[in-house]
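Just so you know, the sequences run in chain order A and B.
Just add 26 to wherever you are in the first sequence, counting from 1, and you've got my numbering.
Just add 114 to wherever you are in the second sequence, counting from 1, and you've got my numbering.
Careful: at least some of the hints might be erroneous.
[What the hints assert, rightly or not] Which residues of chain A face chain B? A partial, calculated answer using Cβ under 7 Å:
#, residue
1, SER155
2, SER317
3, GLU559
Derived by calculation from the structure, the hints in this document are not laboratory data.
Where a beta carbon is used, it is the ideal one built from N, C-alpha and C, also for glycine.
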Amino acid sequence: SMAEQAHGSVASQLHSSEEDRAFDMTTSEKVVELLNQAALISTEEKLIVLKQVQELIINKDPSLLDNFLDEIIAFQTDKSIEVRKFVIGFIEEACKRDCELLLRLIANLNMLMRDESVNVVKKAILTLSQLYKVALQWLVRTKSVSDMQEACWDMVTQLKEDVLALLDSDNDGVRTYAIKFTESLIITLSPRTPDSDTPKKQEGDISLDKIPKDHTYIRYDTLCDEGKLALEQLLKFMVHPAISSINLTAALGSLATLARQRPMFMSEVVQAYETLHANLPPTLAKSQVSSVRKNLKLHLVSVLKHPSSVDFQGQISTLLLDLGMSQSEISRCTPATVQPRKRLHHEPYVEGKRTKMEATLVEDDDDKEEPAPVVTPKSSSTAGTQSSIDLTAEFLLPLLNPENVANLFPYELFIYKLLEQAAYKSPVTEEAPQIKKLPEPILPTTQPKAPGASGRKKVFKLADVVQPFSEAQIEKLANMAIKRILQSEKAIAQSGMSHVRVKLLARLVTQFEGGKKNDLLQFILEDMRGRSELAFSLLFHEYNEYLGQQPSGSLDSYEHCLFTLLSGLQEKPEQRDGLFTKLVLEAPVITDSALEVIQRYCEDESRVYLGMSTLKELILKRPSRQYQYLNVLLNLSSHEKEKVRSTALSFIKRMYEKEHLKDCIEKFALTYMQFLVHPNPPSLLFGAGEDTEVAASWTEETVRQCLYLYLSLLPINHCLVHELAAVYTEAIADIKRSVLRVIEQPIRGMGMSSPDLLLLVEYCPKGAETLVTRCLHILTDKVPPSPELVERVRDLYHKRVPDVRFLIPVINGLEKNEVIQALPKLIKLNPIVVKEVFNRLLGTQHSEGSPSMSPLTPGELLIALHNIDSSKCDMKSIIKATNLCFGEKNVYTSEVLAVVMQQLMEQTPLPILLMRTVIQSLTMYPRLAGFVMNILARLIHKQVWKYPKVWEGFVKCCQRTKPQSYNVLLQLPPPQLASVFERCPEMREPLLQHVHAFTPHQQAHIPASVMAVLEANSRKPEPEPQPELHHPEIIEEREVPVPKHISVPAPVSQAEPPAPAPIVFTEPPPPQQQQQQIPARREEEEEQSMEQGETDHAALEVTSEAALQQMEVSEEASQSNSISEKTDEPMEESAAMAVDAPDQPKDESEDVLPEAEESTVD
Amino acid sequence: MSCVSHVSLSLHSKRGFDVRSFGTGTHVKLPGPAPDKPNIYDFKTTYEQMYNDLVRKDKELYTQNGILHMLDRNKRIKTRPERFQSCKEQFDLVITCEERVYDQVLEDLNSREQESLQPVHVINVDIQDNHEEATLGAFLICELCQCIQHTDDMENEMDELLQEFEEKSQRPFLHTVCFY
């Protein structure tokens, strides 16, 4: 057998993993999470998740049911049949759990009952079988039934009628379900008797016998009638000559069930079986006949086994014999005869009950519980004794249901009869009605025209006693008549004739002009929920009227009706029962004004979802004007209210998947985006009303308005990105800036593997450079660049647009040497951009993503900065760049700096900024002093004085590190020592003192020439530094031999032992050292903010954004005579001078030494 | 798929049907050394136990008539036979291969208390109890299931489909609908 089973294993897996994660969540949170998941996953998983939700909110914590009801019900429009079926099952369970929910959910069931899929309809039928009983029981329990409950029961009743009507469905399966529904309905609407064979599980079910006859709302008699009628329908259905074999099988089974559960119908059932056996439908195939006969046998046996079959045993046995059962088998199935005797005793009771029930049928319009007149309806076997009139009456009576009667007579006749009666009762008062429209149909006034001619008695003439009414009177009377019908709402409802009244009102009012229509509409709107039937009826009649007047008919009246009803609903504050939706979806035509109301409804933040769901239904189910409806939704996608907009966007996104709507949506999105190339925003954006020439300029808001839809489609359809680039290149700067701000989410949504994005990067159109850069930044903001992306950017940079700023986002994907090559250009950029570059390279980005794999270690970066060719970059920029490094104290630890210094010191020629870095390192980490002394000593070996800038720094360093530096100074050759004193005369005396403090032995190691320099005041000639060479590498080391003997013994080892080279500092630096750094930092900051001021874009939060702002500005500047480039140039010149001319005034050379020095010296 | 003695699991794991197989008798009967001496087990016996029992009794015979092979295959699908009447799950379609079984299924389904009113279709395809028939029958049933599975609306198209099959296969089908 093929089983419809849930995929149990999947379910349990999903369930357990869910539980792990949701271990400490509240049920409510769990439900929210599950619902969120459900929106995104495949149907199969969605069902599992939804079933979990159902379990949670119906069984585990029913208090949540109300909260999440709407969310679950929203799935009733899901595209999967299974999901919609789930919703039906959910409705059933929810209503069984809490009957009150019927008020809200019955409308949903109604909607689903009209689903396009038969499988959904079938499920809805099954559920209605259950909920019919639930609803009835609920109402019976309720002492005073509210208007809402009344409306609910009306709908249940209507649904019941609808399903009964499905016995005529075209679909075999649907008919089968309708048969089962009918069976269940008959059981409910007939009394259970002691001989009823009731299944255990249905013992508590409601049935007619449990319905009080004095209930305020539920009418015992009406229900009883309905039950009878249903049985009639079922029996009629069975004798249809072309009934399908499965329908017949189902019906046979239903009859057997009826006979066992309601033995009072035994006679009808057995008769039906007999009839069928004698006239099997001719359309059945041979094998179907065998199937049916087999079934018939089976069911007959089951009926026979019921004790109440006693009266019919003969008939049943005959049938069974015919069907091939042996007499002995039949006897075995026949209940023992003792039983029927007992039963017979109960018979009068049963019989009596039956009589009464049928009698109540007759006393239809009499509310009083009088004993029934003794009409003894006999089964048709006694028909022979009836008169022909009786027979006719019997035939006609069932046909004379109120529905038919209302249809039979035109309303005129009805009204006329009413008026006629009134006329006779009070012929002279105003009340006496006459309607001009109806020319004397009662009494032919022409006939008795000759009074007295025959000499007979004066004939009563109506015309003599009644006067024609004036127009006004007629109008007034008509109004009053209608008003009376309106006001009789309650009374008529109690008599169960509401539907007649509704039909009547609708028919009447459609005939009249203006005033009465408005009255009726107002009346409906006072209680739209309770009077929805009337509303629909009126609307349909208006439409019928229009159709009747074709081809010249006008829709005005219909439109007015629809518009008034919809506006009325739209203006009412709270409406949860979907009446608006129902009205929209069931209206035969949606007129323009109605569409406007729908749009207003959608614009209401509290109803936006319901409104747009309705709109969606229209779009999907009314293809003829689909695009017009879609347009409303599309227009809402740029709505000023966020909630309206985002809901519209999410609906559109779902529709975008539909092939036939896709083009239209896309076209709309692109049209809006293309507005951006106009100099001013089109008036369209300011609402339809104002189509004056708006000369307003673009604002952030208007730009966004043009982009919302486009941007939400972008992640679904990547190739749209090229359109954006095209628009971008043509847009003005303000728009560009706004665009760059809003694309973050969508671009991130596309991801760096998107082929279209990669293509955009590769062919970066002219003018879209900033857009591409922005994209690159967005993509690499949180994750390292992919090799493909790096490759495209590299290509772009090398082959098409050599702007180094492209490289920044992918810098960590580049090769080490590429980065080093790009450094000179990079550090010349805006300080904020440079900062960002360094953040990326040093891994100090604020992002929480994986540690970026920088192609350079921090040490390598700092060294690379020192080695930048001074012809490629100005010194000032390099210094600022190194300052950025020193700013990252966590990265540039003392160990890193020690290694950097070591390596720089070993280079030949010495880098110009070497001593600056040494002094700065020392400032940051004073305990590096020992290490620095070693460096200084080593520099003497490298004849540091040949590099003026370095030499200058060397002296400064010695000055700052005295007295530790004394031993280093003593290692200098005399001319250089003299040069030191030349620069800092105040050093000489302390150094001399220092030497005097040596032991004589130690002093003996000091060469006389050195002593001479120390002692001579200014007697010695100034040892000029070597003539400066721009390329110091030509100076041979041996030109000035170093006095080697000094360096060997460390003469002051006991006083200040030099620190060993790489030292690990774990202690924080002394506090006063930190304070010294602060002013220096501040200077840096001021300098930066000044430059920011130059670029005129000070307020930038994100560095990546800063990067492109800078870019954008310079781009614009290059178009219209640069400002920023001009300010850059002098900087470069001055820096070049600093390098080229070493004998510049002091303030120039200070560049090369740290600013921090000033503060330490003071 | 239901068989008297529940020995055929041939539709299993074929072509992705969601299939369960059942027996309907009171016992599981397997052919014995003579037609009047079948091997009889109750529904509690596992295939493994039957297999071992038959190996012990006459390995030669039961290998030759294919019973051991069949049991071996069955035990890889489930541990023991199931009885349709004891299964409380709801199905869409039940196929039987013998009228007697069809009757038993119908009787069982009709004796259950109705609850959900969910329909289940029952179809009987008579298949003689010999090897060749069984093979042909298996194909026929498999094809039938495939066709049913490919219908958009099974219940609406079932009648016509069965007529076609009847004509094609030249054997009468019994078909009915019951309700859970």
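Hint by hint, here is what the structure shows:
1. SER155: 6 Å, holds
2. SER317: 5 Å, holds
3. GLU559: Violated, because the Cβ-Cβ distance from GLU559(A) to chain B comes to roughly 29 Å (cut-off 7 Å).
Hint check: a violation occurs at hint 3 only; the rest are consistent with the structure.
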